Amino acid sequence: MSALSNIFTMSIALSALETGCIYALVALALFISFSLLNIADLTTDGCYTLGCAVGAMVTLAGHPFLALFASLLAGAMAGYVTAFLQTKMGVESILAGIIVNTGLYTVNIMVMQFSSVVNIFNCDTIFRYAKEYIGGSWYKVIVVLTVIVIVAAFLAWFLNTRLGLSIRATGDNAAMVKASSINPAFTITVGLCVANSLTGLAGCLLAQYQNSCDINIGTGMVTIALASLIIGETIIGKGGILRRVIGVILGSVLYRFIVAIAIRLHVPAECLKLVSAIIVAIAIATPYLKGKAGFWTIRLKKQHAVSKSGKNE
Amino acid sequence: MLELNHISKTFNPGTVNEKKALDDVTLHLNDGDFATIIGSNGAGKSTTFNAITGAFFVDEGSVILDGNDITFTKEHVRSKVIGHLFQDPLLGTAPHMTIEENMALAYLRAGTRNTAFFSRISGKDKKRFQEQLALLDMGLENRMKQPVGLLSGGQRQALTLLMATMVTPRILLLDEHTAALDPATAEKVLALTKKIIEEQKITCLMVTHNMQQALDLGNRLLMMDSGRIVFDVKDEEKKKMTTADLLEQFKIHAGKSLDNDRILLSGVSET
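Going line by line, the protein sequences match chains A and B. Numbered per this note's numbering, the first sequence spans residues 1 to 313. Numbered per this note's numbering, the second sequence spans residues 314 to 584.
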């Protein structure tokens, strides 16, 4: 116990919870695109930076609350372009994401007025307002928890409306969606817009959280969010939408705790991306390997039995 | 009423794989007609269905449903009034969604276009879904919250049938929808099909490889070969026919024996 409390000071736990909730928004975006729509949406990295850049610039202009909505909108627009490419232009979904992601680099640096870092240390942010009105050491947690609860409640509502059901069915059985008089191109577009708006919002929150925006902040974000998503789906399992949404949020927070422990154990920060890559690779490969293992054991048993019966004759 | 006027479709035109799948097909189906379709492999039965649902646009001719020209109407728009069941029971339902959610999706067809988007499944809807499921007599009404992937093929096909007819379609297309099921389940699903079609007086086209079934069901029989309708009998005339007559007719019209292996097998077992 004392070893654990050595590793885990209160402030580390709090900051893991805070960043976990922010990154959970990206994980929820991938929950919509990857788990529900069955599309590997690689817009995420660029879209996250876009949200961060837009958020930072609008905050810099003195509107921290407007920044949240601006980055939501910016993210939705990025998602729309990706969806447009794959539903109207016949571009392969992965390629569409890569194309938009590449283009977004230029867009992002334009938003940041051609500088690779924007600092907003002297600006009012929603976290600064919270510090004034709430105070204590919990104010940041309260802000991010409020946002994540609102988003989770929205998703739990939205994904059970008929439009939400159609979006879920599109990834499950697109032919059936057509037969229900819904256009899959439309559901994919709505789904990707909602997903990327969450990614944009996450970027904006992070910009205000760390008072800066860096052009490379989104690199590898899709892998990290996937790791969170998979951890969440593994610990919570299948179930209703609300349950799965909560699972994704828990997964993201848990991932941040793992990272916090790793840093306390003096794993260099540069290694963390490799660690997340390995976690994702293992998590995705596990079900496949389990099936393979079952096949191997059966084959081994069979071969064993055959060689035995051969000896008997 | 459904009208197919001289429709033709060629796949992969101008390549070595060029195939004339539909060749000047004309078909007028009256309200309440229930026509069965038989034919060899590649005769154009499923292609005819796809031309009706709008999976592709026809090269020539027109498709008219209830007086509206739907030749160039998009697939998802047409599906508002067309029910389509496939041989594969997995195609008609979303496996990771619950029975209730699947039915809610099917029920979307009833909704007015824009207002229904943000509506949720109401208690009233749930109750109606449950009542309809009870009619299947498969115990599904107690499994509303279970994902459809857990159901057997027969149960899924019965559910798909229910979903396709929940809002009475203007036309129901059945593409060998019982062929992949075991005999007992197939019979059950078929009986259910008959009951629903009769009760709701649905205009229906049904592809089957079972000649006896083609003769027993419906009031009209169509035979297809090489993308054409080669034989068409109705009412009294159809009632008098036997499977032997059918084979004979096929030889006359197609100039060869039926080469659908499944037709041959089912033909042997019945004679």
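I should point out that these hints are in silico values taken from the structure, not numbers from a laboratory. Predicted model only: the values in this text are computed from it and were never measured. There could be a bad hint or two in this list.
Some chain B residues well away from chain A (every beta-carbon gap over 12 Å; in silico) [claimed, not checked]: (1) ASN325; (2) VAL329; (3) GLU373; (4) LEU378; (5) LYS387; (6) GLU388; (7) VAL390; (8) GLY405; (9) THR411; (10) GLU413; (11) ASN415; (12) SER432; (13) ASN455; (14) ALA497; (15) ASN532; (16) LYS547.
If you only want the chain A side, here are some residues facing chain B, beta carbon under 7 Å, derived [what the hints assert, rightly or not]: (17) ALA169; (18) SER181; (19) LYS301.
PhoX-like, lysine-lysine: derived pairs with alpha carbons at most 20 Å apart [unchecked claim]: (20) B:LYS458 x A:LYS238; (21) B:LYS507 x B:LYS458; (22) A:LYS88 x B:LYS387.
We put the CB at the ideal spot given by N, CA and C, even for glycine.
Hint check:
For ASN325 of chain B, the condition that its CB be more than 12 Å from all CB atoms of chain A holds, with the nearest at approximately 18 Å. Every CB of chain A lies more than 12 Å from the CB of VAL329 of chain B, the least distance being 24 Å, so the non-interface label holds. Even its closest Cβ contact with chain A, about 24 Å, leaves GLU373 of chain B beyond 12 Å, as expected for a residue assigned away from the interface. Chain A leaves LEU378 of chain B outside its interface by the beta-carbon criterion, the shortest separation being 14 Å against a cut-off of 12 Å.
In this structure LYS387 of chain B is not separated from chain A by more than 12 Å, as the shortest Cβ-Cβ distance comes to only about 7 Å. For GLU388 of chain B, the requirement that its beta carbon stay farther than 12 Å from each beta carbon of chain A is not met, with the minimum near 5 Å. Distance to chain A contradicts VAL390 of chain B as a non-interface residue, since its nearest Cβ pair spans about 7 Å, not more than 12 Å. GLY405 of chain B, annotated as away from the interface, has a beta carbon of chain A within 12 Å; the closest lies near 6 Å.
With a least beta-carbon separation of about 9 Å from chain A, THR411 of chain B fails to lie farther than 12 Å from that chain, contradicting its non-interface assignment. Its beta-carbon lying about 10 Å from the closest one in chain A, GLU413 of chain B breaks the requirement of being farther than 12 Å from that chain. At roughly 8 Å, the least C-beta separation between ASN415 of chain B and chain A is not larger than 12 Å, which violates its mark as non-interface. Annotated as non-interface, SER432 of chain B brings its C-beta within 12 Å of a C-beta of chain A; the closest such distance is 6 Å.
Consistency note on ASN455 of chain B: stated as away from chain A, and its beta-carbon is indeed over 12 Å from all of that chain's, at 18 Å minimum. Under the 12 Å C-beta cut-off, the non-interface status given to ALA497 of chain B relative to chain A holds; the minimum distance is some 26 Å. Here ASN532 of chain B stays apart from chain A, with its beta-carbon at least about 26 Å from theirs, past the 12 Å limit. Every C-beta of chain A lies more than 12 Å from that of LYS547 of chain B, the closest at about 29 Å, which supports listing it as non-interface.
Look at ALA169 of chain A: its Cβ gets to within about 4 Å of chain B, closer than 7 Å, so that hint holds up. The beta carbon of SER181 of chain A comes within 4 Å of a beta carbon in chain B, closer than 7 Å, and the hint placing it at the interface holds. Violation of the interface hint for LYS301 of chain A is found here, the shortest Cβ-Cβ separation to chain B being roughly 29 Å, above the 7 Å cut-off. Restraint check for LYS458 of chain B and LYS238 of chain A: the C-alpha separation of about 12 Å stays at or below 20 Å, so the hint holds.
A hinted pair counts as satisfied when its Cα atoms are at most 20 Å apart, and LYS507 of chain B with LYS458 of chain B does not qualify at roughly 28 Å. Between LYS88 of chain A and LYS387 of chain B the alpha-carbon distance is near 14 Å, which keeps this suggested pair within the 20 Å criterion.
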